Every structure is written in structure tokens, then in C-alpha cells.
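Protein chains: 2
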Amino acid sequence: MTSVEETVKELASQTRDEFYHYLSIPTVSAQKTGIPETVEAVKAMLEKRGADVRVLDDLGGNPVIYASFVSSKSDKTLLFYNHYDVQPPEPFDEWLSEPFVPTLRDDILYCRGVADNKGNLMTRLVAIDYLLMRDGELPCNVKFLIEGEEEIGSPHLEPYLEKYADLWQADGCIWEFGGKQEDESFVIDCGLKGLIYMELNVSTASIDAHSSLAALFDNAAWRLVQALASMKSVDNRILIEGFYDKVVAPTEEEIKRTLDIVVDQEGFNRNFGLTRPFIEDGRNPANGLALTFSPTLTVNGLLSGYINQGSKTVLPKAAMAKIECRLVLGQTPADIEQLVRKHLHKHGFDDIELKVLAAQSPYRCPMDSAFVKLVEASANDVYQPESKVLIRPTNAGTGPMDLFGKYLNGMSIATSGTGWAKSQAHAPNESMRMSDYYQGIRHMIRLMDTMDDMEG
Amino acid sequence: MTSVEETVKELASQTRDEFYHYLSIPTVSAQKTGIPETVEAVKAMLEKRGADVRVLDDLGGNPVIYASFVSSKSDKTLLFYNHYDVQPPEPFDEWLSEPFVPTLRDDILYCRGVADNKGNLMTRLVAIDYLLMRDGELPCNVKFLIEGEEEIGSPHLEPYLEKYADLWQADGCIWEFGGKQEDESFVIDCGLKGLIYMELNVSTASIDAHSSLAALFDNAAWRLVQALASMKSVDNRILIEGFYDKVVAPTEEEIKRTLDIVVDQEGFNRNFGLTRPFIEDGRNPANGLALTFSPTLTVNGLLSGYINQGSKTVLPKAAMAKIECRLVLGQTPADIEQLVRKHLHKHGFDDIELKVLAAQSPYRCPMDSAFVKLVEASANDVYQPESKVLIRPTNAGTGPMDLFGKYLNGMSIATSGTGWAKSQAHAPNESMRMSDYYQGIRHMIRLMDTMDDMEG
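Chains as they are written, first to last, in our numbering: chain A, 1 to 456; chain B, 1 to 456.
Don't read these hints as lab results, they were simulated from the structure. Quick caveat, the model's predicted, so the values are computed rather than measured. Be a bit skeptical, because a hint or two may be false.
Copies of the same chain look alike in the list, so a pair counts if it fits in one copy or across any two.
To be verified - Here are the simulated SDA-like cross-link-like pairs (lysine to any residue), alpha carbons at most 20 angstroms apart as the crow flies:
1) 32 <-> 309
2) 342 <-> 366
3) 48 <-> 278
4) 246 <-> 166
5) 346 <-> 229
6) 346 <-> 233
7) 422 <-> 348
8) 32 <-> 341
9) 163 <-> 253
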């Protein structure tokens with residue numbers, strides 16, 4: 001008799017063409033490319049497997065895909081949250097193969113979106129293939145919410161969740177991502193940080209001027225640099241007044257669980273080629289506590305004046321920065337936006353224009369819920385003993401988890417995905433190990449197979 | 001009998017094709033484009049007028065052109081310093097006509113390089129046409145030094161001036177630029193500020209990382225922003241230790257002459273669309289004293305991370321800034337470079353890599369020299385009464401004037417050019433008024449006609 005492992009590999013091979021087609025579409029929500037083709041591809045993959053599919057597009061933004069598989073074997077319902085959009089591929093010249101050409105090297109698949117998050121959707125679908133092949137139907141009811149604006153902060157998702165809340169009721173939700181740490185431990189997250197992503201623009205003149213005039217008037221690059229520097233100290237303390245005031249401190253259990261997870265500084269140094277020491281911000285040492293419980297303020301991009309080769313003696317008329325804050329429980333994007341505006345005003349930077357590009361609140365669900373326990377148990381069945389399975393209160397990443405809590409009755413949520421230490425999500429040469437892909441499929445099979453055992 | 005004015009216009013018209021051909025070559029030294037064609041064009045224009053021309057290229061860099069016209073009428077020799085290279089044309093989308101297509105609108109000629117400095121070379125050449133047509137030879141000996149790296153800081157000029165110093169001995173030198181202020185006064189400068197142009201680069205990782213990791217490690221954009229901000233206060237005090245220490249204070253006469261020159265703040269506001277108040281830096285009020293005697297520190301360009309539309313949640317691995325200091329008498333590029341390096345080290349920014357892209361020392365020659373008096377008198381003959389003629393100790397701009405002083409026996413130097421308040425040198429839509437062009441030609445005629453009267 002063929003083992004599950006062998007059958008899963010065989011099914012992965014049989015579905016390779018539809019996976020590669022899905023990966024090859026440049027679904028960059030930030031740049032509005034490839035959306036209709038991708039929706040069509042996802043819909044086709046779901047319908048091929050017998051799902052009832054609805055493409056919802058009546059409330060603005062990229063379509064939100066609903067899908068449902070009904071089972072006669074269980075009353076329990078599992079919800080999968082995924083997104084079909086990906087990060088921009090830039091900088092192009094750092095990709096070893098074309099960003100949107102799925103390329104296998106040493107059993108690692110490279111493509112923009114393979115880790116975040118197209119590969120994970122495929123683990124759900126191939127798991128369904130396995131169960132349908134084995135039993136003719138699924139062992140529990142399964143629903144999907146697949147959106148197309150996760151990488152730009154899910155700006156249109158809330159009205160869909162509100163209006164169609166009934167469609168997506170479930171007993172638990174598997175979040176879009178997840179996976180393994182440096183030390184190969186498999187981590188399941190029960191929460192996410194929030195995010196506010198802002199663009200700052202300053203204009204000091206209508207034209208660039210000869211830089212000999214610098215003695216007479218300000219230039220935009222200096223204004224921006226000084227506004228940014230006023231917001232964070234060199235030793236990484238955020239200086240925006242009130243920024244830390246509403247932060248909810250973690251519980252002892254949350255701290256304990258978090259400290260179980262090793263932050264492998266050596267591994268980070270190696271994988272990212274870091275040249276600076278790890279941050280100890282005075283609030284937290286450089287370990288999992290910082291990653292899990294410290295809010296951040298990051299400069300994501302800077303542009304002003306002359307940036308090509310050689311010298312150009314110019315006073316830039318305009319300057320732009322993209323910045324973001326990762327938020328922790330207690331902080332909201334609206335509060336932080338107001339604090340940043342107040343800060344700019346108080347420090348004399350009223351000429352800096354602030355635009356919010358994305359906003360999401362943080363969310364944590366209880367680590368001891370019946371659903372999380374089930375996800376943990378099924379993960380133990382698949383990942384042990386090679387990988388320890390660990391539960392973490394919150395991932396450092398962001399997503400619209402709080403909306404699921406708000407509109408789906410405090411939904412219990414846990415992550416499961418194919419990530420690894422070199423996934424390079426959001427960076428060039430994003431990748432997924434095929435071995436993690438097969439395990440991810442098996443985890444989803446095992447979870448669906450055990451959903452009916454869930455308490456409550 | 002035809003007036004000088006009419007003949008000059010006629011000659012300008014007859015030489016229009018060679019002028020436009022000269023302008024149409026994209027001689028961008030920073031980007032290494034168009035050099036050989038431009039050298040050929042300049043050589044042809046000089047030889048056509050009977051000059052003895054030598055293209056010097058034995059000491060590296062873009063060729064330096066020497067030319068000489070010998071006169072039997074006078075022992076006096078006038079030297080013209082010009083440059084055939086221009087600034088980069090970027091940003092392209094702000095040009096109303098193509099940067100390298102000479103375009104006349106409302107009797108104003110638009111083209112990259114028309115003001116800085118191709119138009120000024122043409123005033124010298126058309127003045128020579130006039131004198132040769134009138135007398136068959138020039139009223140004094142005339143020499144040219146025309147280089148091709150002024151816009152990148154003349155990095156190779158020094159060895160040419162040293163080796164060929166004998167070729168360029170003269171009784172006075174007309175500098176490449178000059179012209180009119182906002183209020184139409186014609187200003188003659190007897191000196192230049194110095195310059196050090198630097199590129200700062202910082203690398204914090206070998207790849208961009210997902211920005212959720214910001215709690216763990218620094219990103220390059222922050223490092224750069226904080227290093228820059230440490231060098232200048234919000235109110236424009238340069239904070240680099242020792243930066244002002246060697247500044248030579250201006251004499252009373254220099255201050256008096258400088259204050260004669262109106263800094264028309266209204267005019268600047270209008271022409272540049274300024275949105276910020278003029279700088280009063282605590283050392284100087286916002287007037288000609290600051291422009292003439294205050295050193296500056298400018299951010300010319302910034303680049304890091306994601307700069308396209310929308311949001312990308314990335315930790316930039318690298319960041320770059322172009323910065324410059326304009327230097328005044330007493331300061332040298334080498335001193336300032338050392339002070340900047342010391343500053344970065346002292347403030348913990350050893351990870352910022354500093355590269356000097358251009359360096360020039362400041363220079364002032366005496367405002368009361370016989371040559372400057374002659375330039376002033378000849379300018380009075382041409383520009384009065386419409387324009388006041390004013391002498392200023394130092395222009396806020398930069399050039400290799402100190403090398404002329406060093407290798408050509410403390411050469412007496414004065415500026416004369418076709419600049420006006422909206423020349424937009426170094427910016428899009430660079431321009432020259434045709435009326436200033438005709439006057440510039442006449443000033444050069446008058447100066448050559450009076451060179452033999454020069455005392456000493």
C-alpha cells in the first residue's frame with residue numbers, strides 16, 4: 001500500500017501545472033497587475049475540486065473569493081484564509097531567476113509569492129485532492145476566504161467580512177502563513193501585530209535649484225531627514241510622544257511560550273548577511289520578546305534629488321519616505337496616525353504631508369482554545385520528531401486577523417504554512433522547500449481528518 | 001553705418017547653426033556621454049576662426065582644449081576659461097521641450113547647458129568674429145582653456161594646469177559664468193566657494209528583509225537618516241565639530257561690496273516656488289552675506305528601499321545619500337573630509353562608507369586689481385544704465401579657480417556671462433535670454449578692445 005507521503009508527492013506532481021500557472025501571474029496588488037487572471041485561476045482550481053465558489057466584488061477593491069465544500073461526515077467547519085496577491089518583485093536585478101517564472105533549484109522552488117502565499121493555498125488544495133481521492137468527500141466542512149489585497153493592508157476587506165459574515169462562520173480558521181524557524185522548529189501563531197504604513201512627502205520648491213543657493217533656503221531632503229530623525233533615537237527608542245502608552249503587556253504564560261521559541265541570531269546573521277548587532281531597545285532584549293511584543297517604526301523607502309551615478313549639485317525640491325509602524329495589542333492605527341501628526345506639528349514639521357497607505361489593528365486569540373490545541377496536535381503528528389512544534393501568542397507579521405475576530409464571533413485562529421528561514425518573503429529570490437510543501441499538505445490532511453474530534 | 005548692436009545680432013544669427021549643434025550634444029560628464037563629439041565641435045569652432053588649437057589629453061580625464069589667437073596690436077593677453085560639459089538633464093519629465101534640443105520661446109533659448117556654460121563660450125567666439133571682421137585681427141592676444149569636467153569638480157584639471165602653465169600665462173582671466181540678478185543688476189565675481197561632494201553608503205544586510213523583523217535588527221535607511229541628521233540641526237547649524245573653525249572672516253570692504261547686491265527674496269520665492277522661509281543661520285541673516293560667506297552642508301540625493309507606488313513592507317538592506325559642502329576661504333576639501341569622517345566615527349556611524357566624488361578649494365582674487373577694474377569699466381559701457389554693474393568678492397558657486405591662482409601666478413580673475421534670474425542652471429528648462437546673449441557678446445568685444453589700456 002502506498003504511504004500518505006508518497007501519495008502526497010504524486011498529487012503534488014499531478015497539480016504542478018496549475019500551481020506553476022498560478023505562480024506565473026504577477027499578481028502585484030501594489031501595482032495593480034494580474035488581478036483578473038489570478039481570480040480566474042483560483043476560481044478554476046476551486047471549482048475543479050467541486051467547491052461552491054462565489055467571486056465577491058460588490059464592495060470595491062480586488063475581488064474576494066468565497067468557496068465552500070460541504071461534508072456529510074461532520075458538523076465541524078474549517079475556514080482557510082489565504083490571499084492571491086503578492087509583494088512587488090523589485091529589485092529585479094537581485095533575482096537569480098525571473099521573479100514570475102517558477103524555478104526549481106536543489107529541490108527549492110523560487111518565485112515571487114511561492115512562500116507568501118500562493119504555495120500555502122496549494123497545500124490546502126492538494127490536501128483536499130487527497131481526501132476526495134481517498135473518501136469521495138471531505139471529513140469536515142471546509143470554507144475559503146481568499147482575498148487579493150493582503151499585501152497592501154487589506155483596505156477593502158472589512159465591508160466584505162461584515163456583509164458576508166454568515167458565509168464564513170466556522171469552528172476555527174487556518175491563517176495564510178506559518179512555518180519553520182532557523183532551528184527547524186515549527187511555530188503556530190495565534191495572533192498578529194497591527195500595522196500602519198504611511199507615505200511622507202515634503203516639497204520645498206516648485207523646481208530643483210542650483211545647490212549654491214543652499215545658504216538661502218531649505219531643501220526637501222533635509223526637511224525629510226530631520227523629520228524622520230526626530231521620531232526615533234539612534235538606539236531605537238521611538239520618540240513619538242505617547243507611542244508606547246497604550247501597549248498591553250503580555251501575560252506570564254505568553255512570555256513563557258514566547259521564550260520557548262529560539263531567536264537564532266547566528267542564523268539571522270547568516271541568512272540576511274547582517275552587519276549590525278541585534279537591537280536591544282531598553283524595553284526588550286534581542287530575543288523573541290522583542291519580535292512578539294515590541295512595536296516598531298521602520299523606514300521602508302527614501303527618495304529625493306539626484307540618485308544616478310556621479311555628482312549633481314542640486315537642491316532637491318521634493319522628498320519622499322515610506323514608513324511603517326508594527327503595532328502591538330492596545331495600539332490602533334488611528335491612534336498612532338494621530339500621534340505621528342501631533343509629533344510632526346510639535347516639532348515644526350507641518351510642511352511634511354502624511355498619507356496613510358495601509359492600516360491594520362493587532363489581534364491575539366487564546367492559545368488554549370480547542371481549535372489551537374487541535375492544530376497543535378495535528379502538527380505534532382506530522383512535524384515531530386524532526387521539528388519541535390511551538391505555540392506563540394503573536395507573529396511579528398500583519399494581516400486582517402482582527403477583522404475575523406470582530407465579524408466572525410471572536411474566531412479562533414492559528415497559522416500553518418510552508419515558510420522556512422530563507423523564504424525571503426517580500427525580498428528577491430522568495431522560495432519554498434519542496435519538503436516543507438509536502439509536509440504542509442500532510443498537516444492540512446491531518447487537521448481536516450481530526451476536525452470532527454474538536455471539543456465544543 | 002550699422003551699429004555694433006545690429007552687427008552682433010547679425011553675427012549671432014549667422015553662427016546659429018554651430019551654436020545649436022554644440023548645444024545638441026549631450027555632453028554630460030557625470031554620465032560620460034558625448035565627450036569626443038563635443039571636443040571635435042569646439043575644436044572646429046576655434047580653428048574656423050584661425051586659432052592655434054591643441055587638444056590635451058595626456059594626463060587623464062576628458063580632454064582639455066587650449067587655443068590661442070596672437071595679435072600684433074598689443075602685448076596684453078586675455079585668457080578665457082570655459083567648460084564644454086553640462087549637468088545631467090534629469091528629471092526628464094519636467095522639461096517643457098527636449099533637454100538637448102535648443103528651443104526658442106519668447107526670445108528665450110532653452111537647452112541643457114545653454115546658460116552653464118555653452119552660451120558663454122559662444123559670446124567669446126562671436127565677439128572674436130566681430131573683431132576679426134572689423135580689423136582682420138584681434139586687438140589683444142587671446143587664449144582659451146576649455147575643459148570637460150567642470151560639472152564633476154574638474155578632477156583632472158590640476159595636472160594639466162601644472163604641466164602646461166606656460167601656455168596659459170595671461171594678464172587676466174574671464175571666468176566661465178556670470179550675469180544678472182533678480183533686479184537686473186550685472187554682477188562681476190572675483191572669487192568662488194569651494195566644494196566637497198560626497199556619497200554616503202550604508203549596508204546593513206545582504207538582502208532586503210520582511211519588515212516585521214524590524215524589532216530585531218537595524219535597517220540601512222534608518223542608519224543613513226540618523227547619520228545625516230547628526231550633522232545639521234533643524235535650524236541649519238552645521239554640527240560637524242570644527243566645521244567653522246578655519247573660516248576666514250570677510251574684510252569690511254568685502255562686506256560692504258556684498259551688501260550692495262540685493263538678495264531679492266520675493267524674486268527667489270517667485271522663481272523657485274519656495275514654500276519655506278529664508279534661512280537665517282545665526283551666523284548670517286538671509287542676505288548676500290550668507291550666500292557669499294556661509295559654508296553649507298546639503299543633501300543632494302537620497303535613495304533606499306521601496307520607492308514605487310503603494311506600500312512594500314521591507315527592511316532596506318542599503319541606503320545612499322549624496323551630500324555636499326560649499327566651502328569658504330580658509331576651508332579645504334581635505335580638512336572637511338577629515339572632519340566628516342571624524343564626526344561619523346565619534347557618533348558611532350563607522351558603518352557609513354564615505355566616498356569623495358568632487359573636491360575644490362575656494363578662491364578670492366583682489367577686487368581692486370587692474371584687470372577687475374577693466375572688466376568693470378567695459379561692463380559699465382555695455383550694461384549701464386539699464387543694469388547697475390556690481391563687484392562681489394565671491395560667488396556662491398564653485399569651480400577650479402584656485403588652480404588658476406596656484407599655477408598662473410595668482411591670476412586676476414573676473415566673471416562675465418549671460419546668466420539671469422531664471423537661468424535654472426542645473427535644473428530642468430535651463431535657459432538664456434537672447435538679449436543677454438547679445439549684451440554678453442558686446443561686453444567681450446569691449447573688453448578685448450580695451451585690454452591694451454590695462455595698467456601694469
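Hint check results:
1. 32 <-> 309: Cα proximity of residue 32 and residue 309: across copies only (10 angstroms, versus 31 angstroms in one copy).
2. 342 <-> 366: neither (35 angstroms within a copy, 53 angstroms between copies)
3. 48 <-> 278: neither (48 angstroms within a copy, 68 angstroms between copies)
4. 246 <-> 166: For residue 246 and residue 166, neither the intra-copy (33 angstroms) nor the inter-copy (76 angstroms) Cα distance is at most 20 angstroms.
5. 346 <-> 229: Close inside one copy (14 angstroms) and across copies (18 angstroms); limit 20 angstroms.
6. 346 <-> 233: both (17 angstroms within a copy, 16 angstroms between copies)
7. 422 <-> 348: For residue 422 and residue 348, the Cα distance exceeds 20 angstroms both inside one copy (42 angstroms) and across copies (30 angstroms).
8. 32 <-> 341: Neither, since 29 angstroms and 44 angstroms both go past 20 angstroms.
9. 163 <-> 253: Answer is neither; intra-copy 36 angstroms and inter-copy 79 angstroms both fail.
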